[in-house]
Amino acid sequence: MAAPVVEIHNLAKTYGLAPVLREVQFRLMPGAGAFVVGGNGAGKSTLLRILAGLEAPSSGNAIVFGQDTRKLAARYRRRIGMMAHQSFLYPNLTACENLEFYAELYSIAEPRVSAELWLERVGLADVANARVRTFSRGMEQRLSAARAMLAEPLLLLLDEPFASLDHDGSEIVASLIRVAIERGAAVIATAHAVPEIEGVEFAVYEISHGRFASQVHKEEVRRGGRIRSLLGR
Amino acid sequence: MSGFSAVLRKDLRLELRSGESTLALLALSMLVLVVLVFALDAGRVRSVDVAAGALWVAMVFAGMLGANRALLAERDNGAIRGLLLSPLDPGTLYAAKLAAALIFMAVAEVGAVILMVLFFNLEFDASIARLAPILALGAIGFSALATLLSAITGRTRGGDMLLPILAVPIFVPALIAGVKASAAALAGAPLDSMDAWLKIMVAFDVLFVTAGYLLFEHVVGEG
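Here the protein sequences come in this chain order: V and L.
Reading the first sequence from the start, the letters are residues 1 to 233 in the working numbering.
Reading the second sequence from the start, the letters are residues 234 to 456 in the working numbering.
Read the hints as simulated data drawn from the structure, not as lab findings.
Hints are supplied without guarantee of correctness; some may be wrong.
What the hints assert, rightly or not - With the Cβ distance kept under 7 Å, some of the chain V side facing chain L (calculated, not the full set):
#1 N92
#2 T94
#3 E104
#4 F135
What the hints assert, rightly or not - Below, in silico cross-link-like pairs of lysine to aspartate or glutamate (DMTMM-like), each with a Cα-Cα straight-line distance of 25 Å or less:
#5 K71/V - D322/L
#6 K71/V - E120/V
#7 K71/V - E196/V
#8 K71/V - D358/L
Every value quoted in this text rests on a predicted model; they were computed, and no experiment measured them.
Cβ coordinates follow ideal geometry from the N, Cα and C atoms, glycine included.
Please build the complete structure, drawing on both the sequences and the hints.
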């Protein structure tokens, strides 16, 4: 049996005296997807940053690929792709230069070719040589998705991946997520409302005041009006 | 090595595109030298002593600006998180940032030396060439220190103000050595006569380049 990609044990995070995450327990297997839903300030983004190794938990453990995220070695960080509220892109570089730069950091063979391929996939090939500072928020979000998936990571951490995207953009990102899951990547995404991605079954978890509720039945979420279809709108 | 060259090339490309750091560094160097030319009475002090002091004041201010800007680009759009999440070793990231800061500072230093010669009525002769290794040692030490400290101060409110408060006192030993050695070089003394000052600068460089390489991952993250 495959080992879980993500295991979280009694995880807690506080900023000063304010608790953000409390007693979080969670595990995710390869090729599985999970949506973490919750309101603003519920702790969703903090959870993803901890899993990416960008922040340390205050107590408990977050284990990714069998490694504590407090000390993720380069070969494990290489397997993680992240889309956050910030795009991690350089406004004064072009779309192609940004992706080429990240492709070099991930030691991808032929960075330029890879960058052009991903620009094609996210529908930005025609603006490949435009600087990112001229992009709309939606275009930047698409490019950010390409950046996160460039190295074909085995764990995708997506913080509100559909925010700011139009219908076409949402479909593109949804299809990239589906492809990632089909090739065995584990995906954790956050959202205020759960998007439905055709052909992919996501477990839904609710996070409220830092507490990670057990898995929520999709019907329950649907009744609460918090499922939105990405397709056929 | 590919990560180092990727980050360095990216920083140089961004700088060539905007010219922000180099122009700001040159402008600041010129302002400092102009102010000091008018503020100091060259008649009462040896001109080479005043010139050496003015040059190093300009270099310290330009170095702080350069180091601050080198990491500022990484704070835009949270790009620093993209770098920390990548397989790039934080020590390599530090080395690339240091190299970029050094290149910007070297350009500013060349400009500052030309202005110093003009403003202080010095000659473009062998003494100016003797300044090169002294300024190079000073630039390495100050860039190493300021790059490390700017990773800390960049995360805090009012970090721009905090950097000089932290950096200048720590740099004082190398600053004194640099000013003394530069004054001696401008006065025509051979390099081996300023052995003691140069050793202090080399020791400072080794200490802070090593400290920066080892500590960068602990100061650049978000805890």
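Taking the hints in turn, this is what the structure says about them:
1. For N92/V, the interface hint holds, since its Cβ comes within 7 Å of a Cβ in chain L; the closest pair sits about 5 Å apart.
2. The interface hint given for T94/V is violated, since its Cβ lies 10 Å from the closest Cβ of chain L, which is over the 7 Å cut-off.
3. Interface restraint check: E104/V against chain L, minimum CB-CB distance 4 Å, threshold 7 Å, status holds.
4. Interface hint at F135/V: violated, since its Cβ lies 11 Å from the closest Cβ of chain L, which is beyond the 7 Å cut-off.
5. Distance check on the hinted pair: K71/V and D322/L sit about 12 Å apart at the alpha-carbon level, within 25 Å; holds.
6. Restraint check: the Cα-Cα separation between K71/V and E120/V comes to about 35 Å, which exceeds 25 Å; the hinted pair is violated.
7. Among the hinted pairs, K71/V with E196/V is inconsistent with the structure: their alpha-carbon atoms are about 34 Å apart, more than 25 Å.
8. For a cut-off of 25 Å, the pair hint linking K71/V to D358/L is broken: about 54 Å separates their Cα positions.
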